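Colleague: Each chain is listed here by its residues.
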Amino acid sequence: MLLLASASTSILIVLLIFVFLFKEAAPFLRDPGVGELFGTRWVPVSFVRESYGMVPLVCGSVLVTVVATLITIPLGVCAAVYIAEIASPREREFLKPLVELLAAIPSVVLGFFGLVVLGPIVKNVFDLSSGLTALTGSLLLALMAIPTVVSISEDAIRNVPESYKAAALALGSTRLQTMWKVTIPAAMSGIIAAVMLGMGRVIGETMAVMMVTGNSPVITASPLESVRTMTATIAAEMGEVPFGSTHYRALFCVGIVLLLATFAINMVAQRVLKKHRTE
Amino acid sequence: MAAIFTTMALTLGCSSGSGDSAGGNENEVTVKGSDTMVHLAGVWAEEYMKEHPDTTVSVTGGGSGTGIAALLNGMTDICNASRKIKDKELQQCKQQGIEAVETIVARDGIVLAVNPENPVKELTVEQIGKIYIGATNNWSELGGPDAEIVVLSRDSSSGTYGFFQKTVLKKKDYRADAKLMPATSAIVQEIEGNKWAIGYVGLGYAAEAADKIAMISVKADADSPAVVPSEETVASGEYSISRPLRIYTAGEPQGKVKEFIEFCLSAPGQEVVRETGYVPVK
Numbered sequence: 001m002l003l004l005a006s007a008s009t010s011i012l013i014v015l016l017i018f019v020f021l022f023k024e025a026a027p028f029l030r031d032p033g034v035g036e037l038f039g040t041r042w043v044p045v046s047f048v049r050e051s052y053g054m055v056p057l058v059c060g061s062v063l064v065t066v067v068a069t070l071i072t073i074p075l076g077v078c079a080a081v082y083i084a085e086i087a088s089p090r091e092r093e094f095l096k097p098l099v100e101l102l103a104a105i106p107s108v109v110l111g112f113f114g115l116v117v118l119g120p121i122v123k124n125v126f127d128l129s130s131g132l133t134a135l136t137g138s139l140l141l142a143l144m145a146i147p148t149v150v151s152i153s154e155d156a157i158r159n160v161p162e163s164y165k166a167a168a169l170a171l172g173s174t175r176l177q178t179m180w181k182v183t184i185p186a187a188m189s190g191i192i193a194a195v196m197l198g199m200g201r202v203i204g205e206t207m208a209v210m211m212v213t214g215n216s217p218v219i220t221a222s223p224l225e226s227v228r229t230m231t232a233t234i235a236a237e238m239g240e241v242p243f244g245s246t247h248y249r250a251l252f253c254v255g256i257v258l259l260l261a262t263f264a265i266n267m268v269a270q271r272v273l274k275k276h277r278t279e
Numbered sequence: 280m281a282a283i284f285t286t287m288a289l290t291l292g293c294s295s296g297s298g299d300s301a302g303g304n305e306n307e308v309t310v311k312g313s314d315t316m317v318h319l320a321g322v323w324a325e326e327y328m329k330e331h332p333d334t335t336v337s338v339t340g341g342g343s344g345t346g347i348a349a350l351l352n353g354m355t356d357i358c359n360a361s362r363k364i365k366d367k368e369l370q371q372c373k374q375q376g377i378e379a380v381e382t383i384v385a386r387d388g389i390v391l392a393v394n395p396e397n398p399v400k401e402l403t404v405e406q407i408g409k410i411y412i413g414a415t416n417n418w419s420e421l422g423g424p425d426a427e428i429v430v431l432s433r434d435s436s437s438g439t440y441g442f443f444q445k446t447v448l449k450k451k452d453y454r455a456d457a458k459l460m461p462a463t464s465a466i467v468q469e470i471e472g473n474k475w476a477i478g479y480v481g482l483g484y485a486a487e488a489a490d491k492i493a494m495i496s497v498k499a500d501a502d503s504p505a506v507v508p509s510e511e512t513v514a515s516g517e518y519s520i521s522r523p524l525r526i527y528t529a530g531e532p533q534g535k536v537k538e539f540i541e542f543c544l545s546a547p548g549q550e551v552v553r554e555t556g557y558v559p560v561k
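In order, the protein sequence lines correspond to chains A and B. The first sequence begins at 1 in the working numbering and counts up one residue at a time. The second sequence begins at 280 in the working numbering and counts up one residue at a time.
Certain hints may be false.
Derived lysine to any residue pairs resembling SDA-like cross-links, with alpha carbons at most 25 Å apart [to be verified]:
{"hint": "1", "chain 1": "B", "residue 1": "498", "chain 2": "B", "residue 2": "438"}
{"hint": "2", "chain 1": "A", "residue 1": "165", "chain 2": "A", "residue 2": "85"}
{"hint": "3", "chain 1": "B", "residue 1": "449", "chain 2": "A", "residue 2": "43"}
{"hint": "4", "chain 1": "B", "residue 1": "409", "chain 2": "A", "residue 2": "45"}
{"hint": "5", "chain 1": "B", "residue 1": "498", "chain 2": "B", "residue 2": "516"}
{"hint": "6", "chain 1": "B", "residue 1": "474", "chain 2": "B", "residue 2": "395"}
{"hint": "7", "chain 1": "B", "residue 1": "400", "chain 2": "A", "residue 2": "128"}
{"hint": "8", "chain 1": "B", "residue 1": "450", "chain 2": "A", "residue 2": "46"}
{"hint": "9", "chain 1": "B", "residue 1": "474", "chain 2": "A", "residue 2": "125"}
Only some residues are given here: those of chain B computed to face chain A with a beta carbon under 8 Å [claimed, not checked]:
{"hint": "10", "residue": "422"}
{"hint": "11", "residue": "423"}
{"hint": "12", "residue": "427"}
{"hint": "13", "residue": "458"}
{"hint": "14", "residue": "469"}
Calculated directly from the structure, the hints in this document are not laboratory data. All values reported here derive from a predicted model rather than from experimental measurement. Even for Gly, the Cβ is constructed at its ideal location relative to N, Cα and C.
Please construct the entire structure, taking both the sequences and the accompanying hints into account.
Modeller: Now the structure itself:
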């Protein structure tokens, strides 16, 4: 009974958060209306006319997340393959905790590192006017996602039955062929789930992104430009916004979109992971 | 026994009835309003309480508007405001039968900062406005070399964002690609490492970071002389991008409230103003 109560508490809290978000955002849908959210300009403070178009914010979050994922996949998966298949037990005992330690660095510390070290590097390498770009944010986020991806992928790879590998080797495959043609495909759903969970972490990350992406609400597909993510917008603007104002409601709308996005990613990841376990 | 109860009731009655301030206690002064001034007012309160240990001064922020609303509702003795009271608010005061009395306690100057290697040293207010609304994009248009201007601003939650928008951008919107930095320190950090960036910071902060950034001299218009931002030019009003920081009270200040405001304007009070990065008025 006690266990049931504690299990349902967290579910209840999630539901209450949903209800609360919708309650605070709802008046926005009446005035100025849901159409306002599809605008292309985010200008919450203006003497002329405020606009609450979420397109630049969604675009910023998607761009940063996609680029971060593209950086994370090769690095994370290769690291996982190495740790699971090639490394000696002693190396593994040394490497895995070290990679997981990366997840323990507070994001504000990473953000500071990004601002002082990574930003100038990005600026010089690509010869840009400023290092405050989506790419800088993506690089930091990749650093945060890699531990998740490595850890879960490594488990998936190690869970591939020994008999698969033995059969492939017996048929004359080399070790490398076995790895790429048998082990990794067999662990694929686990790896995909790992990447999805990493993405979930990335899209919700706030502090580091706010410090290094420049936060300009522009619509762009170039990672070398400055972008404003949904998380950074909420964090930067919520503190000072007058309670109950249109701007306040708009920020809750952003919160809902963000919550739905992370919710969807996590759902898909769980599905894939479940499929992987039952196979 | 009955006598004791009567005495207690009397004491209680007295203490709750005698206070005339908003806190209901004559030894308590409440200050509310502008977030720009929270730090300043907090240090004033600390210093004041050191000299008057029997008095409690409590300071909260919330914004100038919130402070004025609290003054109207009788929820605060003193309202801090980084802007002038609006006509609409004055009307509300009249309706409530309150006279809002203004005291200017300090001035705040906003400095345009660039990298020390940037050859551009002077700009007019209009030129700065054009940079920030997106009409000017290259330093060559301002007498500098051919390089793109990297425009830095504070986030819209900052009081300075609104003040700057009103006085320099002439109420127009900021350009969409202005980089909105989460803190003044981040602006200074970026300018230090970026030759072609421009950003605005408070005078006190700019003075502290003087070894990392260069301050732009500002001309009110094309024919006016360029004014270097400094304590003197802000105090005299010669420097264009500055604002007075005000205190409002309901009616002429009295009792502890009066003493507190007098302290703010006294020599030690104005020394606090200088230490917290603003410009003294006395």
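Colleague: Each hint should be assessed against the structure and marked as holding or not.
Modeller: Results for each hint:
1. B:498 with B:438: 23 Å, holds
2. A:165 with A:85: 11 Å, holds
3. B:449 with A:43: 16 Å, holds
4. B:409 with A:45: Holds. Residue 409 (chain B) to residue 45 (chain A) sits at ~18 Å (cutoff 25 Å).
5. B:498 with B:516: 13 Å, holds
6. B:474 with B:395: Given that 25 Å is the threshold and the Cα spacing comes to 8 Å, the pair holds.
7. B:400 with A:128: 23 Å, holds
8. B:450 with A:46: Answer holds: residue 450 (chain B) to residue 46 (chain A) is near 7 Å, not above 25 Å.
9. B:474 with A:125: It holds: about 16 Å lies between the C-alpha atoms, which stays within 25 Å.
10. 422: 19 Å, violated
11. 423: Where the cut-off is 8 Å and the nearest Cβ of chain A is about 13 Å from residue 423 (chain B), the hint is violated.
12. 427: 5 Å, holds
13. 458: 4 Å, holds
14. 469: 7 Å, holds
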